[in-house]
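Chemist: We have chain A already, so just place chain B with the ligands on it with the hints.
First to last, the protein sequences are chains A and B. Here the first sequence is numbered in our numbering, starting from 1 and rising by one per residue. Here the second sequence is numbered in our numbering, starting from 1001 and rising by one per residue.
The reader is advised that the hints may include incorrect statements.
[To be verified] Each computed BS3-like pair below joins lysine-lysine, with the alpha-carbon atoms no more than 30 angstroms apart:
no., chain 1, residue 1, chain 2, residue 2
1, B, K1368, B, K1031
2, A, K159, A, K141
3, B, K1322, A, K141
4, A, K141, A, K212
5, A, K104, B, K1368
6, A, K402, A, K265
7, A, K402, A, K288
8, A, K377, A, K402
9, B, K1337, B, K1350
10, A, K265, A, K377
11, B, K1031, A, K104
12, A, K104, A, K183
13, A, K253, A, K288
14, A, K183, A, K212
15, B, K1317, A, K104
16, A, K212, A, K18
17, B, K1127, A, K141
18, B, K1322, B, K1236
19, B, K1350, A, K377
20, B, K1127, A, K159
21, A, K159, A, K212
22, A, K141, B, K1031
Everything labelled a hint here was simulated from the structure, so no lab data went into it.
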Amino acid sequence: MSEAEKAEYRGQVHQLQKELMVDWYRRLDESAGTGSPPAVSLLVSGNCVELLEAFDILPIYPEVNALQLAIRHQSLEPILAAEELGYAADNCAYVKADIGALLKGITPTGGRLPIPALALCNFVGCNTYVKWFEHVSEFQKVPLFMLDVPFLRTDEPSKDDIVYVVRQLRELVTELERITKRKFDYDRFKEAVRNSSQVEELWSRIKHLSRKTPSPFDAFFDAITLMGPLYVYRANPAGVKFFQAALEEFEQKAARGEGPFGSEKFRLVIEGPPPYPFFRVFRDMFAKWGACAVASTYSTVGGLWEFGFRHDPENPFEAVAMHMLAHNVTNRNYLQRYEQIRRYVEEWNAQGLIIHFVKSCRLFSAGQGDMRDYFTKELGVPTLYLESDIEDPRYFSEAQIKNRMDAFFESFGHTPAPVRARAAGRPGVDPGRPDGSSRLRILE
Amino acid sequence: MNTLAAGLEQTFDQCSALIRDLEFPTVVRWKAEHPGAKAIGYFPVYAPTEIIHACGMLPVGLNGAGDALDLQYADARFGSFICSIVKTTLELVLTNRLECMDGVLFSSICDSARNLAFVVKRNFPGKYVEFLHLPHNPNSTASHVFLASEYRRLTQHLEEMGGVRAGEEALNRSIAVHNENRALLRRLYAFRAAHPELLRSWELYALQRAGNFIPVETHNEWLAGALAELPARSGKRRDAIRVVVEGAFCEQPPIDLIRIMEEAGCYVVDDDFVLGRRWFTSDIPVDGDPIQNLADSYLDRSVYSSVRHDFRNPRHKQLIEKVRRCNAQAVVFLTAKFCEPAYFDYVLFKRELEAAQIPHLPLEFEEKAFTFDRFRTEVETFVESLLFD
Ligand code: SF4
Ligand code: SF4
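One chain only, chain A, in its complex shape (with noise of 0.2 angstroms):
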């Protein structure tokens, strides 16, 4: 790609991200010498942050970790440090990454990271994150908590599944306050899942914004952007404040038309995780077709706020577990992915789906064969269906990618319009119960 072609995607949001990330590694390293704050690792989807926050403890996300070590260049090293200790080829190369550079002492910013006091094995979904956390807790010698939270098997949580998560939640706090030696200070609770709740609308009026055409940021590239402070500060005033500059810097994007780049040509969907070893390439194949992500499903692997969904203050332990339960992308099951996808397309307008198969990652990418079926024959939405990696540099060839992409948009002809994903042609699919009640809401 020519020096002319590279887009500049800056604003003055990426900046204060860059600073809020810098100094939350600078606590971690604050952390790790001198104890204080406590730390606790868990994992990012649909995490319960609010409970941390409340007894002011410093979240580590190892997989943020991870994709920052991807996004510098410097994932291989430790991804092959993990193979040599055993773990697979196949394996999910975040995990592989992170015990890596546990093991050799690698950090994303050359600064310390802490001990954490307790590997906090938020399982939402992902059965790659027991393995990982069992074997954090192996390997840095620290107690593991599993907080198991039941997969969305049905349309709505049950109240067993509520109470089972709200009882955990529970436990766990017993064990942060041992952790912290501090009593816990259920108002202070109620105030992060506030906070929460404030992010949450902030965040879901910027989703909504690129229902506009153009749309003033990218939802997927940008979006990720903003999910490093959505993760580690979605529960404290300093989250609140970001997401509030954010919004206005994008609602005046909008009132302005702007888009991210030139001239907006294409809107689409994007499902799956980005290659973070080749961020940058894989946002420049898109802006050189002025292709814009209006929607997204990786941006809701944290928790998915676009329909609706909020923290709700009063009801403290319950939202936490309802959030956990039900919105967020990983826990829900895969034909509730569809159908989040089919309402991006239709009612953000887009005219087309990327579906990137990453090779880590089987809980987005197992089946996405399938997925690719029904929006091309039962929706008729055209399809891009691509392979790589989230975190391993070896699995991406540019060049093949480049060509898909290329063909892709130019089998658009000049004037891309609008597709409404066309009803679905088969009745019935979806017994859901013997009796045939709760039909998804996917095939109506």
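Modeler: Coordinates of chain B with the ligands only, in the frame set by chain A:
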């Protein structure tokens, strides 16, 4: 179907034929003999078959399709880096081979199977497709309450579907007959460990796996029959090493692969083939609330497995105990290609085995494999290195 084929050899041959037959002849026949009754398939590794049985239905353990099916559709639906059983199971659905099933159960074993459940749901119209969340947190007492509620949800659906109420008595009877099945299998495993020259591993494998397709009562007769006849068999001990096989708990290896492992000099003294059939370390109680007993047993009485998480007693420690208990000399990892839970566990297993100075051989298979030359060479080399050490 109720008569045991004359002689042990024929029984084993009959079982090996049955487990390869994608027409599910025994299921079709059972349904013909029980007009209106339903058959419920379950994807590995474990399912509470007692509940299905108590609802007057036939539980059928699905085991992929081996090498008997060419993938025409499922490869494109699941793409690269996904294990074979996920694809063959979908292929069975898409080619109408599972029409004799009225429903299919899946559970929380791994991400591929999780997505498969819902892809099957979309592509299996009119069938009951259910996903059970088997808890990952046995530490919490809440998981006992939760799992019982999950089992009640299943029971209610099956009752509505089949029109038969599974009362306490029926459930306890089902538990008893399944307890018997597991006890017989435990005895057969113990017999093989003591007399590997009298019961070959491929035979035990076929006999056990055939139980996936027949009523448990019939399987009990077959197992008891085999136990009665086995001691009279004759066989000569060979120079072989005693090994534990680990890693084939979900996708199942081709029977010839097990045969070759034995020919190449291994006495398999314990394994995790078709693990769901031997899921409990001891009997499930048959008094009290059967649903709660089933749930409690899952949480407190299960064998260790890569798809069940119990950090009170880590599986890498249990593997070492198993090796010591059955006096094995080595471990052979027979891992299904792209089986992520098995891949992950290998790391800690390996570390633990090396610390305990127990040799091991990591091998990979696919259910559809049909040439085994390289496999044979690797096993032979490994065996020789131990025999002539
Ligand atoms: S499998 Fe996917 S969701 Fe799970 S840890 Fe890996 S990348 Fe994340
Ligand atoms: S073989 Fe492994 S990866 Fe495949 S479905 Fe079974 S447990 Fe999952």
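Chemist: For each hint, tell me whether it holds in the structure or not.
Modeler: Hints, verified against the model:
no.: 1; hint: B:K1368 <-> B:K1031; result: holds (29 angstroms)
no.: 2; hint: A:K159 <-> A:K141; result: violated (36 angstroms)
no.: 3; hint: B:K1322 <-> A:K141; result: holds (24 angstroms)
no.: 4; hint: A:K141 <-> A:K212; result: violated (50 angstroms)
no.: 5; hint: A:K104 <-> B:K1368; result: violated (39 angstroms)
no.: 6; hint: A:K402 <-> A:K265; result: holds (17 angstroms)
no.: 7; hint: A:K402 <-> A:K288; result: holds (10 angstroms)
no.: 8; hint: A:K377 <-> A:K402; result: holds (24 angstroms)
no.: 9; hint: B:K1337 <-> B:K1350; result: holds (18 angstroms)
no.: 10; hint: A:K265 <-> A:K377; result: holds (24 angstroms)
no.: 11; hint: B:K1031 <-> A:K104; result: violated (60 angstroms)
no.: 12; hint: A:K104 <-> A:K183; result: violated (36 angstroms)
no.: 13; hint: A:K253 <-> A:K288; result: holds (21 angstroms)
no.: 14; hint: A:K183 <-> A:K212; result: violated (47 angstroms)
no.: 15; hint: B:K1317 <-> A:K104; result: holds (26 angstroms)
no.: 16; hint: A:K212 <-> A:K18; result: holds (27 angstroms)
no.: 17; hint: B:K1127 <-> A:K141; result: violated (47 angstroms)
no.: 18; hint: B:K1322 <-> B:K1236; result: holds (26 angstroms)
no.: 19; hint: B:K1350 <-> A:K377; result: violated (46 angstroms)
no.: 20; hint: B:K1127 <-> A:K159; result: holds (26 angstroms)
no.: 21; hint: A:K159 <-> A:K212; result: violated (38 angstroms)
no.: 22; hint: A:K141 <-> B:K1031; result: violated (54 angstroms)
Going down the numbered hints, you'll see the structure goes against 2, 4, 5, 11, 12, 14, 17, 19, 21, 22, while the others check out.
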